[in-house]
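Based on these hints, arrange chain L on the given structure of chain X.
Chains as they are written, first to last, in this note's numbering: chain X, 1 to 112; chain L, 1 to 447.
For the record, the hints were derived by calculation from the structure and aren't laboratory data. The C-beta atom is built at its ideal place from N, Cα and C for all residues, glycine as well. Possibly wrong hints are sitting among the right ones.
Stated by the list, open to error - Going by beta-carbon spacing under 7 Å, a handful of chain L positions derived as facing chain X:
1) Arg42
2) Ala126
3) Glu130
4) Ile259
5) Glu265
6) Thr267
7) Leu273
8) Ala316
9) Arg352
10) Arg354
11) Glu420
12) Gly423
13) Val424
14) Ala443
15) Glu444
Said to hold, decoys possible - Listed below are the simulated DMTMM-like cross-link pairs for lysine to aspartate or glutamate, each with C-alpha atoms no more than 20 Å apart in a straight line:
16) Lys309(L) to Asp136(L)
17) Lys16(X) to Asp280(L)
18) Lys309(L) to Asp216(L)
19) Lys220(L) to Glu50(X)
20) Lys16(X) to Asp268(L)
21) Lys220(L) to Glu46(X)
22) Lys16(X) to Glu356(L)
23) Lys16(X) to Glu265(L)
24) Lys90(X) to Glu435(L)
25) Lys220(L) to Asp268(L)
26) Lys90(X) to Asp268(L)
27) Lys309(L) to Asp151(L)
28) Lys309(L) to Glu265(L)
29) Lys16(X) to Glu76(X)
30) Lys309(L) to Asp120(L)
31) Lys309(L) to Asp280(L)
32) Lys90(X) to Asp28(X)
33) Lys90(X) to Glu356(L)
34) Lys309(L) to Asp131(L)
35) Lys309(L) to Asp268(L)
36) Lys90(X) to Asp123(L)
37) Lys16(X) to Glu307(L)
38) Lys90(X) to Glu46(X)
39) Lys309(L) to Asp123(L)
40) Lys16(X) to Asp131(L)
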Amino acid sequence: MSVRLYDVAHARTGDKGNLNTIALIPYDPAWYPVLCETVTPERVGEYLRERVTGPVTVHRLDRLPALLLVCARACEDTVTTSLYLDTHGKSLGSVLLGLPLEPGAAPWPERG
Amino acid sequence: MTDDDVVIGCGAGFAADRPRPAVDLVERGGLDYLVLECLGERTVSLAALRRVSGSGPGYDPMLRRRLELLLEPLRRQGTRLITNAGAADPVGAARMAHALARELGVAATVAAVHGDDVLDRIDTTAPAWEDGLPLDAHGELVSANAYVGADALMPAVRGGADIVIAGRAADPSLFLAPLAHSLGWDPGDTGAMAAGTLAGHLLECAGQVTGGFFADPGRKDVPDLARLGYPLARVAPDGTAVIAKTPGTGGRVDRMTVIEQLLYEVTDPGAYLTPDVALDMTGVSVEDLGGDRVRVSGARGAPRPEELKVSVGHRAGFRGEGEISYAGPGAVARARLAGEVVRERLGDAVGRLRVEVIGVDALAANAASDRDRGEPHECRLRVAGLAAERSAAEAVAEEVAALYTSGPSGGGGVRVDTREVIGVLSTTIARGDVETGTVVFPAEEGA
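Okay, chain X solo, but in the shape it has when bound (with noise of 0.2 Å):
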């Protein structure tokens, strides 16, 4: 069965200029070292490729346990000065939810 991030995690996005953060945050920590393995900064950009051009920084949070995504957009994609619908880019962590996983992932066994 095929599982998407949306299937194991929820996000938030936030803006500043011209760039996008994007939290994931998995509803069962049991999700979190798969999500590590999968949401590279290669695999982010390439999924939201239309929008964030620049570079992906992937931040880990072990203690919450989260992932923080920073993808920076075109230049002149700022908030002010974007002439996308959505300006701020706020839609962009529900499309990344879309993100298929591994075909099989399973979480990992609880932690002790």
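Here is chain L on its own, set in the frame of chain X:
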């Protein structure tokens, strides 16, 4: 929980936020302080333009309405107010607030915090963070506001003002200043500054920590979203905070809402920079206490940055937009053809152009048959262009409107708009180049 704790709430998370939940929060939250965060990156630039052009107040136009609702409840509950709704004219806002209090018969000392306007002293040749080009390569600069911190607010807070109105104070600083004052925190105590900043960061977007910007039906349900309550925090002298919301309102506060807000608009969780501290949130614990209460602790801090961030507003040209809808079989193809017509006719007249196709059920929504075939039943073409000249931007709107009689078949519901764009860029300024001050309007006896 002890009597030493301070209770602080947030009654607005942006300039257009609902005014009423703040009143409920004051009436039922048991607050020592209420904060209204009303200043986005571009809001202050628009306010500066209004002030310069004389088209409106330099402060937040909604501030008067908020105060009309809040002044009496604040007085009755003994709650003090701190806000950045002064925008480009905190002194003018304080004068208005003081006059309004007199009108309403509420005795209130109002203090304005000014000095964040640094347009006359920024280095206009410095590179903008966004694109690395010099600021002055982006057209006429219309505003520059430094993010000032808790230290700028402190004289007004310490002086006992009932209402403190600032301009571009950093959002978490609006919370940190009263917390530090009431809890006796030393500005050099980076742990305390970090804890107060964490609480402020969680509260600053108001409804976003109580279930706003969160709901996803069937997965993340929010009770009574239409009556979303706004947040408050009970902060202990050691910096530990319990986040909650106005009793009896809609919304939810739990681990999920708090973690989403914790990471909101953070670009480096190891060093979230404010004028007061570099907050390290990698050790933060989020503990769900149940009953819409969440305890946060474990904030660490490093000394505040040497420079202050500055938001610089500049004239970025004019944006022209036009939309038109198509329905039924072949709707998407007709919308795309319409977009090509507009694109071809505009040619190079507009510097940047974007063509989008959007829509779900604006038109004849009862015709389900096309959707059953997997083809969108309707769609809406949107064309947006940015040009240096107003006339070129208007051409975008004109070309979309002309689609009525000269475009593909069946277009309907044209809307067009042309407006000036004030862009916002970021840079920094040395702390020593920013001089803040306080103007106090004392409470009038017998008011």
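Now the hints, each set against the structure:
no.: 1; hint: Arg42; in the structure: holds (5 Å)
no.: 2; hint: Ala126; in the structure: violated (15 Å)
no.: 3; hint: Glu130; in the structure: holds (5 Å)
no.: 4; hint: Ile259; in the structure: holds (5 Å)
no.: 5; hint: Glu265; in the structure: holds (3 Å)
no.: 6; hint: Thr267; in the structure: holds (5 Å)
no.: 7; hint: Leu273; in the structure: violated (11 Å)
no.: 8; hint: Ala316; in the structure: holds (5 Å)
no.: 9; hint: Arg352; in the structure: holds (6 Å)
no.: 10; hint: Arg354; in the structure: holds (4 Å)
no.: 11; hint: Glu420; in the structure: violated (11 Å)
no.: 12; hint: Gly423; in the structure: holds (5 Å)
no.: 13; hint: Val424; in the structure: holds (5 Å)
no.: 14; hint: Ala443; in the structure: violated (39 Å)
no.: 15; hint: Glu444; in the structure: violated (41 Å)
no.: 16; hint: Lys309(L) to Asp136(L); in the structure: holds (17 Å)
no.: 17; hint: Lys16(X) to Asp280(L); in the structure: holds (19 Å)
no.: 18; hint: Lys309(L) to Asp216(L); in the structure: violated (35 Å)
no.: 19; hint: Lys220(L) to Glu50(X); in the structure: violated (28 Å)
no.: 20; hint: Lys16(X) to Asp268(L); in the structure: holds (12 Å)
no.: 21; hint: Lys220(L) to Glu46(X); in the structure: violated (27 Å)
no.: 22; hint: Lys16(X) to Glu356(L); in the structure: violated (23 Å)
no.: 23; hint: Lys16(X) to Glu265(L); in the structure: holds (7 Å)
no.: 24; hint: Lys90(X) to Glu435(L); in the structure: violated (35 Å)
no.: 25; hint: Lys220(L) to Asp268(L); in the structure: violated (27 Å)
no.: 26; hint: Lys90(X) to Asp268(L); in the structure: holds (18 Å)
no.: 27; hint: Lys309(L) to Asp151(L); in the structure: holds (15 Å)
no.: 28; hint: Lys309(L) to Glu265(L); in the structure: holds (15 Å)
no.: 29; hint: Lys16(X) to Glu76(X); in the structure: holds (13 Å)
no.: 30; hint: Lys309(L) to Asp120(L); in the structure: holds (16 Å)
no.: 31; hint: Lys309(L) to Asp280(L); in the structure: holds (18 Å)
no.: 32; hint: Lys90(X) to Asp28(X); in the structure: violated (24 Å)
no.: 33; hint: Lys90(X) to Glu356(L); in the structure: holds (17 Å)
no.: 34; hint: Lys309(L) to Asp131(L); in the structure: holds (16 Å)
no.: 35; hint: Lys309(L) to Asp268(L); in the structure: holds (15 Å)
no.: 36; hint: Lys90(X) to Asp123(L); in the structure: violated (32 Å)
no.: 37; hint: Lys16(X) to Glu307(L); in the structure: holds (18 Å)
no.: 38; hint: Lys90(X) to Glu46(X); in the structure: holds (18 Å)
no.: 39; hint: Lys309(L) to Asp123(L); in the structure: holds (13 Å)
no.: 40; hint: Lys16(X) to Asp131(L); in the structure: holds (13 Å)
When held up to the earlier numbered hints, the structure conflicts with 2, 7, 11, 14, 15, 18, 19, 21, 22, 24, 25, 32, 36 and fits the remainder.
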